[in-house]
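Q: Listed below, chain by chain, are the residues.
2 protein chains.
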Amino acid sequence: MAEKALTIILVEPQLGKNIGAVARVMLNFGLTDLRLVRPRDGWPNQEAVAPAAGADKILENVQVFSNTLAAIGDLNRIFASTARTHDMVKSIYTPRPALECLASTAQQGQKVGVLFGSERCGLNSEDISLCEALIKVPTNPDFSSLNLAHAVALITYEWSLQVTSCPSQIFRTGTTTLATREDLGNLFIHLEGELDRTGFLRHKKKRPTMIRNLRNIFQRARLTEQEVRTLRGIIRSLVGEPQDR
Amino acid sequence: MAEKALTIILVEPQLGKNIGAVARVMLNFGLTDLRLVRPRDGWPNQEAVAPAAGADKILENVQVFSNTLAAIGDLNRIFASTARTHDMVKSIYTPRPALECLASTAQQGQKVGVLFGSERCGLNSEDISLCEALIKVPTNPDFSSLNLAHAVALITYEWSLQVTSCPSQIFRTGTTTLATREDLGNLFIHLEGELDRTGFLRHKKKRPTMIRNLRNIFQRARLTEQEVRTLRGIIRSLVGEPQDR
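As given, the protein sequences belong to chains A and B, one line each in that order.
Sequential numbering of the first sequence, starting at 108, is according to the working numbering.
Sequential numbering of the second sequence, starting at 108, is according to the working numbering.
Watch out, some of these pointers could steer you wrong.
Treat identical chains as interchangeable: a pair holds within one or across any two.
[Said to hold, decoys possible] DSS-like, lysine-lysine: derived pairs with alpha carbons at most 27 Å apart:
#: 1; residue 1: 243; residue 2: 124
#: 2; residue 1: 164; residue 2: 243
#: 3; residue 1: 111; residue 2: 243
#: 4; residue 1: 311; residue 2: 218
#: 5; residue 1: 111; residue 2: 218
#: 6; residue 1: 164; residue 2: 124
#: 7; residue 1: 218; residue 2: 164
#: 8; residue 1: 164; residue 2: 111
#: 9; residue 1: 313; residue 2: 218
#: 10; residue 1: 218; residue 2: 312
Because the hints were derived from the structure by calculation, they are not lab data.
Keep in mind that this is a model prediction, so the values were computed, not measured.
Using the sequences and the accompanying hints, generate a full structural model.
A: Here it is as structure tokens:
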């Protein structure tokens, strides 16, 4: 993880609870390098502890700097997170492509980071001029200001998606497995046999459509072996067969 | 926006400040329909106001329910956000594909929502059984529990990416425009002419490479018209020409 780390730098953060919330969400996404530039209420700050929710290691290892340039001095590449598009000649990225850029640079062994401004004012132009590009989360233009920790959450989430591989969809079946096509075929034969017997499928013309629709319901349900057994038990029960069969 | 809305339902939320933070980030992403099931400290809750940071309309319109089924009754499709993968037969999605699913359903005019559990326990199995699928944010396995409002932030952010169109990269040039290739060519000719004159490019063999490297620097910088004028002024200044030329 150390070789593919993202450094988070908060410039003049005002509220200890936000610093704590930032530490928590950083560790949620496997990040540990948090730096502060001139935190308003000094450091350490007891207000940060509860919102960090156990990310104490991050708080203990926070580095504090008196100026932004010192805080980012060892980094090879730094972007600025901002809600405003300052009147500067800069690239403005949404989080996804920005973190793609930074992650690919990190994968080449270089150190990367994102700079965040204070809750009240964001980053000033001087701090932004130290950064290569801007990251702007696309928000509601009538209510655009994100909570500081929320902004860090979105950035670190996008980072995490870039550097970890996680299947985007899993179908969890618990202790059983998905039914085989044979299991499912036997269920259909069982159900349709009973429905023929009880007269539910008596309309010859409608029969093929009704059967197709019924089969589609159970296909969509992606049944497990256990569930097929349960459904067959239900059919037997509904038709009045003894339960222990 | 109303036709492409995502409903957020919090089941047994404990802390008013989290409800307020949820309201803020919902409005950040253009969402307004927040519902609570059995909020621990009742509703309204004064603790929610400051963290909502002005999203008062959301708080005023919160609907409160005594059970989850009532809270989701009018929705056509509902997913559950959870950190745990309950032992159930369910699809588990990361946020992106989950919100793609929900957004495409919403675009067909149907009502969709995401259910979130309490800060302490998350959702119970009964609530989860009311949902079609699970959404699990891929987090650090050693520190996986997200703050409730952070989880909502990630989900609403992904929703917003699905339903709004936003260019993922803009190169902002302020009040000026990007330099034309002619502007840039004239800058190169100007600079290289002066460097020939001062002897910097005197090594015939190295000259082509040096020129290519120099040109590449200025290509990468993506100069604006104004910046080209500034650089040409700098060249004139450095060689001792009067500034008003």
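Q: Next step is simple, just say for each hint if it's right about the structure.
A: Consistency of the hints with the structure:
Taking the closest pair of Cα atoms, residue 243 and residue 124 come within 27 Å of each other both inside a single copy (23 Å) and across two copies (25 Å). In the homo-oligomer, the alpha carbons of residue 164 and residue 243 lie at most 27 Å apart only across protomers (25 Å), although the nearest pairing inside one protomer, at 29 Å, exceeds that limit. Proximity of residue 111 to residue 243 under the C-alpha cut-off of 27 Å is found in both arrangements, the shortest distances being 23 Å within a copy and 23 Å between copies. Proximity of residue 311 and residue 218 under a CA criterion of 27 Å is satisfied in neither setting, with 72 Å inside one chain copy and 38 Å between copies.
Proximity of residue 111 to residue 218 under the C-alpha cut-off of 27 Å is restricted to the intra-copy arrangement: shortest distance 8 Å within a copy versus 40 Å between copies. Proximity of residue 164 to residue 124 under the C-alpha cut-off of 27 Å is found in both arrangements, the shortest distances being 16 Å within a copy and 25 Å between copies. Taking CA atoms no more than 27 Å apart as the test, residue 218 paired with residue 164 passes inside one copy only; the shortest distance there is 21 Å, against 43 Å between copies. Proximity of residue 164 and residue 111 under a CA criterion of 27 Å is satisfied intra-copy only: 19 Å inside one chain copy versus 42 Å between copies.
In this homomeric assembly, residue 313 and residue 218 never come within 27 Å of each other (Cα to Cα): the closest approach is 67 Å inside a single copy and 33 Å across copies. In this assembly of identical chains, the alpha carbons of residue 218 and residue 312 never lie at most 27 Å apart, being 70 Å within a copy and 36 Å across copies at closest.
In summary, the structure is inconsistent with hints 4, 9, 10 from the numbered list given earlier, while agreeing with the others.
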